[in-house]
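S.K.: Using the hints provided, position chain V relative to the given structure of chain B.
Residue-level listing of the chains:
Number of protein chains: 2
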Amino acid sequence: MSRWNTVAIYGVGLIGGSIGMALQNNKAVGEVIGIGRNARRLEKARNLGAINSFVTDLSSAPVLDIVILCTPVQCLAEHCAQVFQHSVSALITDAGSTKQQFVAEVEKNLPTANFVGSHPLAGSDQSGVEHAHVDLFVDRTVVVTPTPKTNRQSVQDVSDLWTAIGARVVEMSPEDHDRALAVTSHLPHVVASALAAETSEEYLHLIASGWRDTTRIAGADVDLWKQILQENKGNVATALSLLQTRLAAFETALVKNDHESITRLLAAGKQRRDALGS
Amino acid sequence: MSRWNTVAIYGVGLIGGSIGMALQNNKAVGEVIGIGRNARRLEKARNLGAINSFVTDLSSAPVLDIVILCTPVQCLAEHCAQVFQHSVSALITDAGSTKQQFVAEVEKNLPTANFVGSHPLAGSDQSGVEHAHVDLFVDRTVVVTPTPKTNRQSVQDVSDLWTAIGARVVEMSPEDHDRALAVTSHLPHVVASALAAETSEEYLHLIASGWRDTTRIAGADVDLWKQILQENKGNVATALSLLQTRLAAFETALVKNDHESITRLLAAGKQRRDALGS
Chain B
1 MSRWNTVAIY GVGLIGGSIG MALQNNKAVG EVIGIGRNAR RLEKARNLGA INSFVTDLSS
61 APVLDIVILC TPVQCLAEHC AQVFQHSVSA LITDAGSTKQ QFVAEVEKNL PTANFVGSHP
121 LAGSDQSGVE HAHVDLFVDR TVVVTPTPKT NRQSVQDVSD LWTAIGARVV EMSPEDHDRA
181 LAVTSHLPHV VASALAAETS EEYLHLIASG WRDTTRIAGA DVDLWKQILQ ENKGNVATAL
241 SLLQTRLAAF ETALVKNDHE SITRLLAAGK QRRDALGS
Chain V
1001 MSRWNTVAIY GVGLIGGSIG MALQNNKAVG EVIGIGRNAR RLEKARNLGA INSFVTDLSS
1061 APVLDIVILC TPVQCLAEHC AQVFQHSVSA LITDAGSTKQ QFVAEVEKNL PTANFVGSHP
1121 LAGSDQSGVE HAHVDLFVDR TVVVTPTPKT NRQSVQDVSD LWTAIGARVV EMSPEDHDRA
1181 LAVTSHLPHV VASALAAETS EEYLHLIASG WRDTTRIAGA DVDLWKQILQ ENKGNVATAL
1241 SLLQTRLAAF ETALVKNDHE SITRLLAAGK QRRDALGS
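From first to last, the protein sequence lines are chains B and V. Residue numbers for the first sequence, in the numbering used here: 1 to 278. Residue numbers for the second sequence, in the numbering used here: 1001 to 1278.
Treat the hints loosely; a few may be bogus.
[Claimed, not checked] In silico contact screen, one side only, chain V against chain B (beta carbon under 10 Å); selected entries:
1. 1152
2. 1153
3. 1171
4. 1199
5. 1204
6. 1226
7. 1233
8. 1249
9. 1270
10. 1271
[To be verified] Distance ranges between label pairs, derived from CB positions:
11. B:107 with V:1257: 21 to 31 Å
12. B:263 with V:1135: 49 to 59 Å
13. V:1111 with B:130: 57 to 67 Å
14. V:1257 with B:202: 29 to 39 Å
15. B:176 with V:1234: 35 to 45 Å
Keep in mind the hints are simulated off the structure, nothing from the lab. Small disclaimer: the values here were computed from a predicted structure and weren't measured. Every residue, glycine too, gets a C-beta built ideally from N, C-alpha and C.
Excised from the complex, chain B in its bound form (with noise of 0.2 Å):
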């Protein structure tokens, strides 16, 4: 398709650098530009092949047509304004983990047919460009998060981006969005990095597959998570409150020796992650 010559990666990482590797696969954009403070990761993200050249200063890139910024959540809204700076009619959109106040500070400063917000539902536990792979988008879901003041021409180019390398878009609001993965992001994540933290190293012999499944993100990077969980600290707090009020139904279930309550905390739980799959 390639409608667009110049896309520029704002952080080449595990997810900039697979967005980088999908696009030119794809043949759906010109030049992919990385954009970095650091030269030298930039050059292992060129000679990985997530990107064709490398800028570390702004102004010396081209004008760009479109933008994705892979930047930690709390640099978006300075990285946005920069590349808005740079090129007026490029538009950008983002692959944070969340939305809403990133989405309401953009909205305040830019044009609404420049930026869409996007969260691609991918990633690992592992980070850094060596980690990118072409693939990580293909049958993904990606939330586009328009705002009933963004420009729908833009939406739909957005959309196409993500398409374009195999991921399945799903449209919604920040809010819904921002409340939605409290659930199903944040909070298995402090919950699997509480699960870690309450089993003494003394017994960490005795684990089986179960708790190795069940804390494997609770080795992620920890300034990354400190950001998103400060991001939505209101829908994750209530979240958690939510969680906390059915374990204490469990424990109280235990403590009485509840045959039904326990089988029925069980089976919901079963019923719910049946519905999934494996």
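M.R.: Chain V only, in chain B's frame:
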């Protein structure tokens, strides 16, 4: 080695079937006899190579040298008594997930040379002999739970059985076992179940690999897990209470937007998870 001519597996599902396959593969035994109630399922187990023959009535079995009980936790004591009545010199062990109640009950009724408790830390969210495989125990930990009364030669014999099929044997008292497994196995199960149940159906298309990993074990058999949790209810309730305290600390840190506490909590989880490896 073939030090036992007649080995019986009482309950030939995923665990029992895998033990049967592994024992035959390692030429560790003479004949592997399946014991159960359902002839069709036992026939299936024989066709899959898990057992050499089977009986649906213990009285028609030959004298048994060693018996591994792989029936549900709440049937173990009864099946143990049945086996002892049939083969008074049989060495009996089991594969149950909880130990304290069961071992205490067996010690009241059987000579201490006849029984040593075991718990192989292997399995899966799947069940049934069709999922059994010959290397399920390779490099896995098996906890063997003697008490001060247990005959040491019997402990050695049972340990040799597990070592013969590739497992690492760890000795613990039944009390220590149950306290540890409450944290390393039973608590993750409750948490996975609660997390799955807390996710409303409409959000299921918004989950990513984190949710998928963290909730995987919630799909396991409800009755089996109800029994396990009830057998270890005191320890699981204690572990649940400690976990809720930690989740409440997360919630408070988020509500107060307390950077340092969020970082400290996430780092504690990552440190423990990283100590294990992937």
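S.K.: All hints, please: hold or fail.
M.R.: Here's how the hints hold up against the structure:
1. 1152: violated, 23 Å
2. 1153: violated, 25 Å
3. 1171: violated, 12 Å
4. 1199: Cβ of residue 1199 of chain V sits 5 Å from chain B, so the hint holds.
5. 1204: Hint on residue 1204 of chain V: holds, closest Cβ of chain B at ~6 Å, below 10 Å.
6. 1226: Where the cut-off is 10 Å and the nearest Cβ of chain B is about 5 Å from residue 1226 of chain V, the hint holds.
7. 1233: Holds: closest Cβ of chain B sits about 4 Å from residue 1233 of chain V, inside 10 Å.
8. 1249: With Cβ-Cβ at 9 Å, under 10 Å, it holds.
9. 1270: Because about 6 Å separates residue 1270 of chain V from the closest Cβ in chain B, which is inside the 10 Å limit, the hint holds.
10. 1271: holds, 8 Å
11. B:107 with V:1257: 21 to 31 Å: For residue 1257 of chain V against residue 107 of chain B, whose Cβ atoms are near 23 Å apart, the range 21 to 31 Å holds.
12. B:263 with V:1135: 49 to 59 Å: violated, 34 Å
13. V:1111 with B:130: 57 to 67 Å: holds, 60 Å
14. V:1257 with B:202: 29 to 39 Å: holds, 34 Å
15. B:176 with V:1234: 35 to 45 Å: Given range 35 to 45 Å: holds, Cβ gap about 42 Å.
Violation of the numbered hints given earlier is confined to hints 1, 2, 3, 12; the remaining hints are satisfied by the structure.
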